[in-house]
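The chain contents come next:
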Amino acid sequence: MSTPTPIYLDNNATTACDPKVVEAMLPYFTEQFGNASSMHSFGNKVGVALKAARAKVQKLLGAEHDSEIVFTSCGTESDSTAILSALKAQPERKEVITTVVEHPAVLSLCEQLEKEGYTIHRLKVDDKGRLNLDDYAKVLSDKVAVVSVMWANNETGTYFPVVEMAEMANAVGVLFHTDAVQAVGKIDINLAATKIDMLSVSGHKLHAPKGIGVLYVRRGVRFRPLLRGGHQERGRRAGTENAPSIIGLGVAAELAMEAMEHERTYVKALRDKLEAGILAVVPHAFVTGNPENRLPNTANIAFEYIEGEAILMLLNKQGIAASSGSACTSGSLEPSHVMRAMGIPYTAAHGTVRFSLSRYTTEEEIERVIAAVPPIVAQLRKLSPYWGENGPVADPAKAFDPAYA
Amino acid sequence: MWDYTEKVKEHFYNPRNTGPLDGANATGDVGSISCGDALRLMLKVDPVTEIIQDAHFQTFGCGSAIASSSALTEMVKGKTLDEAKQISNQDIADFLDGLPPEKMHCSVMGREALHAAIANYRGEEWSDDHEEGALVCKCFAVDSQMIEDTIRANKLSTVEEVTNYTKAGGGCSTCHEPIEEILTKVMAERGETFVPAGAKKAKPAVAEAAPAKLGTLARIRKIEEVIAAVRPTLLADRGDIELVDIEGKNILVNLTGACSGCQMEAATLAGIQTKMIEALGEFVRVVPAAKAQAHACASHAHGG
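Protein sequences, first through last, are from chains L and G. For the first sequence, this note's numbering assigns the number 3 to the initial residue and increments by one for each residue that follows. For the second sequence, this note's numbering assigns the number 6 to the initial residue and increments by one for each residue that follows.
Hints should not be assumed to be uniformly reliable.
Below, simulated DSS-like cross-link-like pairs (lysine-lysine); rule was C-alpha separation at most 30 Å, straight line [said to hold, decoys possible]:
| no. | chain 1 | residue 1 | chain 2 | residue 2 |
| --- | --- | --- | --- | --- |
| 1 | L | K117 | G | K190 |
| 2 | G | K82 | L | K384 |
| 3 | L | K61 | L | K270 |
| 4 | G | K143 | G | K12 |
| 5 | G | K190 | G | K254 |
| 6 | G | K160 | G | K218 |
| 7 | L | K53 | L | K96 |
| 8 | G | K49 | G | K12 |
| 9 | L | K22 | L | K47 |
| 10 | G | K190 | L | K126 |
| 11 | L | K384 | G | K227 |
| 12 | L | K197 | L | K145 |
| 13 | L | K197 | L | K22 |
| 14 | L | K47 | L | K270 |
| 15 | L | K61 | L | K96 |
| 16 | G | K227 | G | K190 |
| 17 | L | K126 | L | K319 |
| 18 | L | K117 | L | K96 |
| 19 | G | K160 | G | K82 |
| 20 | G | K218 | G | K143 |
| 21 | L | K117 | G | K143 |
| 22 | L | K319 | G | K190 |
| 23 | G | K84 | L | K384 |
| 24 | G | K254 | L | K384 |
| 25 | G | K218 | G | K254 |
| 26 | L | K384 | G | K280 |
| 27 | G | K49 | L | K319 |
| 28 | L | K96 | G | K218 |
| 29 | L | K384 | G | K49 |
| 30 | G | K254 | G | K160 |
| 31 | L | K212 | L | K53 |
| 32 | L | K22 | L | K130 |
| 33 | L | K126 | L | K47 |
| 34 | L | K145 | L | K117 |
| 35 | G | K143 | L | K212 |
| 36 | L | K140 | L | K130 |
| 37 | L | K90 | G | K190 |
| 38 | L | K319 | G | K14 |
| 39 | G | K160 | L | K117 |
| 40 | G | K49 | G | K14 |
In case anyone wonders, no lab produced these hints; they're calculated from the structure. Small disclaimer: the values here were computed from a predicted structure and weren't measured.
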């Protein structure tokens, strides 16, 4: 049997670098190797290209000034810089507000801050992954240094009302940061019209290379750099500019703007077709998160009574790449914190599979996945002690209840 | 992606002996849906000879859980219950040509299901003897619960002691921060404060004179002492080590038995090297004798 053509549906993990991005970057590894800070024509040409790239990112984010764009090495660095800057700039404020479903880039940092004596307010979500803004209003106070809330969830694609939440923070004089790595490039963003103070971007989530990120810092926001040193990025992020990647990100930003309409209509239609196609055939499966209000490219489906890693391995055998919130894929014992936070029962949380599409996804690929999934689920359920002849065993928790758990 | 062996993949893609077993007279259930792993092992035991005539399984779990279950059913068939009871989780992992450290608990679950099934056949009570925590040491597959229990039972107070008792932290050493956190927590329970080794050592180091350079004979004796000290740990894992030669900074050793070619060989050598450097007060390299000519530095990456 020949190996089937691979189908990549894990674009929330990372995306393919667009060939046009690669093409634009290549000269900056060879003839255009200059340091943008140097006082000669080698450096000058790079400086001009960086300026153009900055303008393109500014346009994608709808930022008012190009000096509000700070290039970093990744989304994680942007998140850390934003939160730590807010704490350093306002040492009298010892509280941070975030949510229980943030990316580890924010959650792990907050855990560490908690050990160092800061108070962390983690907003809870309901069964569809939605926040309760009354809970938020209750913890907003002048003791809070920064609010950090993601724009769109990486696992379910569910949006948080960050524009509204930034307004609320602004009204009481609290800084607002959003980790927007999943949203940027997929939906219209116009930062100039919002009260968002800081926003994180990750290049490789929008067809730019790995190793490049952006922190947007609104003009006038008090800022303390994470890395001090040279005067790069106006002293806000020292270290020689990663010129090829910045230039690549500029092109990626431009391409994302061109593709946004396609993303909103065609990619969304493919995603909806994928979900409907699978759910029509596979019983005991459901979409997690809020189907009414989420990224156009993300489908997260829970398959009950089976385990996600096993599903991924069988999908991979057919050339289909997806990801899972199961404990086993991460090496931890708990399934995804996002699924647990939404109260998804263990019977389903271990069997969640995320399919994340991109502008390169085709209808033929989606049809192949729709055909591939049901037999895989059936095969694994046949092996599961929680599954009978034609459905789950009655009361699985009792039917299979060993001496210990 | 996990670095599964071909044999793990083969048993996952084509699991043997699946589904309910007609005429089963012994059943072992372990795990639970909340853990993400559950296994039901069913055996058909000859009441006269106690030979396992057939074995089937049903498993809810990841690729390696399904492969471990499949391997187990193949391994027990034809054995008497007493013979089957001798199967360790390492035997199950070996049958599959090894499992990633994060996945060793799948083989543990297999062994437990087997013991539960045997107890069930004999009308005995079987209870699980350990709880499992998050994986801390990836080199030697030691979880937080194991570390916590060992610290509590033996009143340990340093990372080095934890390494000596559990092996955790003895390889790449990147898990020393979480080990320190567990020490801090458990020591607080008994009213003590954890003092990091660096902070503790700093003071006497200033007071002490620099250690005198060892003479050749004293140096060889020290090296032999370190080898002797690590042997019991290796023997426990059915391996062994012997000193072959000393060439300046290079200490040539032979790893034998289960240690030879084991996935953890590099981590084991690195751990021994750390101990050598400490004991000798100078930088040395511990190198497998066989590879000494080929390449002096036995570095080996463990991918996740």
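Right, here's what the structure says about each hint:
Our distance criterion of 30 Å between C-alpha atoms is met by K117 of chain L and K190 of chain G, whose separation comes to about 12 Å. For the proposed pair K82 of chain G and K384 of chain L, the alpha carbon gap of about 22 Å is at most 30 Å, so the pair holds. Annotation: proposed proximity of K61 of chain L to K270 of chain L holds, straight-line Cα distance about 24 Å (limit 30 Å). For the hint linking K143 of chain G to K12 of chain G, the alpha-carbon distance of about 22 Å falls within 30 Å, and the restraint holds.
For the hint pairing K190 of chain G with K254 of chain G, the CA-to-CA distance comes to about 40 Å; that exceeds 30 Å, so the pair is violated. A threshold of 30 Å between alpha carbons decides the hint, and for K160 of chain G with K218 of chain G the separation of about 35 Å lies outside it, so the pair is violated. Annotation: proposed proximity of K53 of chain L to K96 of chain L is violated, straight-line Cα distance about 37 Å (limit 30 Å). Between K49 of chain G and K12 of chain G, the direct Cα distance comes to roughly 26 Å. Compliance with the 30 Å bound is thereby established for this hinted pair.
Using a Cα cut-off of 30 Å, the hinted pair K22 of chain L and K47 of chain L holds, with the two alpha carbons roughly 20 Å apart. Restraint check for K190 of chain G and K126 of chain L: the C-alpha separation of about 27 Å stays at or below 30 Å, so the hint holds. As the CA atoms of K384 of chain L and K227 of chain G are separated by approximately 59 Å, the hinted pair breaks the 30 Å bound. Proximity of K197 of chain L to K145 of chain L is assessed by CA-CA distance (about 19 Å); at most 30 Å being required, the pair is judged to hold.
Taking the CA atoms of K197 of chain L and K22 of chain L, the gap is about 34 Å. The hint is violated against a cut of 30 Å. Restraint check for K47 of chain L and K270 of chain L: the C-alpha separation of about 40 Å exceeds 30 Å, so the hint is violated. Taking the CA atoms of K61 of chain L and K96 of chain L, the gap is near 34 Å; set against the 30 Å cutoff, the hint is violated. For the hint linking K227 of chain G to K190 of chain G, the alpha-carbon distance of about 36 Å lies beyond 30 Å, and the restraint is violated.
Taking the CA atoms of K126 of chain L and K319 of chain L, the gap is near 37 Å; set against the 30 Å cutoff, the hint is violated. At most 30 Å may separate the alpha-carbon atoms for a hinted pair to count; K117 of chain L and K96 of chain L meet this at roughly 12 Å. Proximity of K160 of chain G to K82 of chain G is assessed by CA-CA distance (about 43 Å); at most 30 Å being required, the pair is judged violated. The suggested pairing of K218 of chain G with K143 of chain G is violated, with an alpha-carbon distance near 36 Å, which exceeds 30 Å.
Between K117 of chain L and K143 of chain G, the direct Cα distance comes to roughly 24 Å. Compliance with the 30 Å bound is thereby established for this hinted pair. In summary, the hint linking K319 of chain L to K190 of chain G is not supported, as the alpha carbons are separated by about 44 Å, beyond the 30 Å threshold. Between K84 of chain G and K384 of chain L, the direct Cα distance comes to roughly 27 Å. Compliance with the 30 Å bound is thereby established for this hinted pair. This hinted pair does not check out: K254 of chain G and K384 of chain L have alpha carbons roughly 58 Å apart, beyond 30 Å.
A hinted pair counts as satisfied when its Cα atoms are at most 30 Å apart, and K218 of chain G with K254 of chain G qualifies at roughly 14 Å. At roughly 51 Å between alpha-carbon atoms, K384 of chain L and K280 of chain G are farther apart than 30 Å, so this suggested pair is violated. With a C-alpha separation of about 34 Å, the suggested pair K49 of chain G and K319 of chain L falls outside the 30 Å cut-off, and the hint is violated. Using a Cα cut-off of 30 Å, the hinted pair K96 of chain L and K218 of chain G is violated, with the two alpha carbons roughly 52 Å apart.
Only pairs whose Cα atoms come within 30 Å are accepted, and K384 of chain L paired with K49 of chain G is accepted, the gap being roughly 21 Å. For the hint pairing K254 of chain G with K160 of chain G, the CA-to-CA distance comes to about 37 Å; that exceeds 30 Å, so the pair is violated. Note on K212 of chain L and K53 of chain L: the hinted pairing holds, with a Cα-Cα distance of about 20 Å set against a maximum of 30 Å. Between the alpha carbons of K22 of chain L and K130 of chain L the distance comes to roughly 38 Å, so the proposed pair goes past 30 Å and is violated.
Restraint check: the Cα-Cα separation between K126 of chain L and K47 of chain L comes to about 49 Å, which exceeds 30 Å; the hinted pair is violated. Distance check on the hinted pair: K145 of chain L and K117 of chain L sit about 18 Å apart at the alpha-carbon level, within 30 Å; holds. Of the pairs offered as hints, the one joining K143 of chain G and K212 of chain L holds, with about 26 Å between alpha carbons and a cut-off of 30 Å not exceeded. For the given pair, K140 of chain L sits about 22 Å from K130 of chain L by alpha-carbon distance, which is consistent with the 30 Å threshold.
Under the criterion of a C-alpha separation no larger than 30 Å, the hint pairing K90 of chain L with K190 of chain G is consistent with the structure, at around 29 Å. Between K319 of chain L and K14 of chain G, the direct Cα distance comes to roughly 10 Å. Compliance with the 30 Å bound is thereby established for this hinted pair. A hinted pair counts as satisfied when its Cα atoms are at most 30 Å apart, and K160 of chain G with K117 of chain L qualifies at roughly 24 Å. Restraint check: the Cα-Cα separation between K49 of chain G and K14 of chain G comes to about 27 Å, which is no more than 30 Å; the hinted pair holds.
Comparing the model with each numbered hint stated earlier shows that hints 5, 6, 7, 11, 13, 14, 15, 16, 17, 19, 20, 22, 24, 26, 27, 28, 30, 32 and 33 do not hold.
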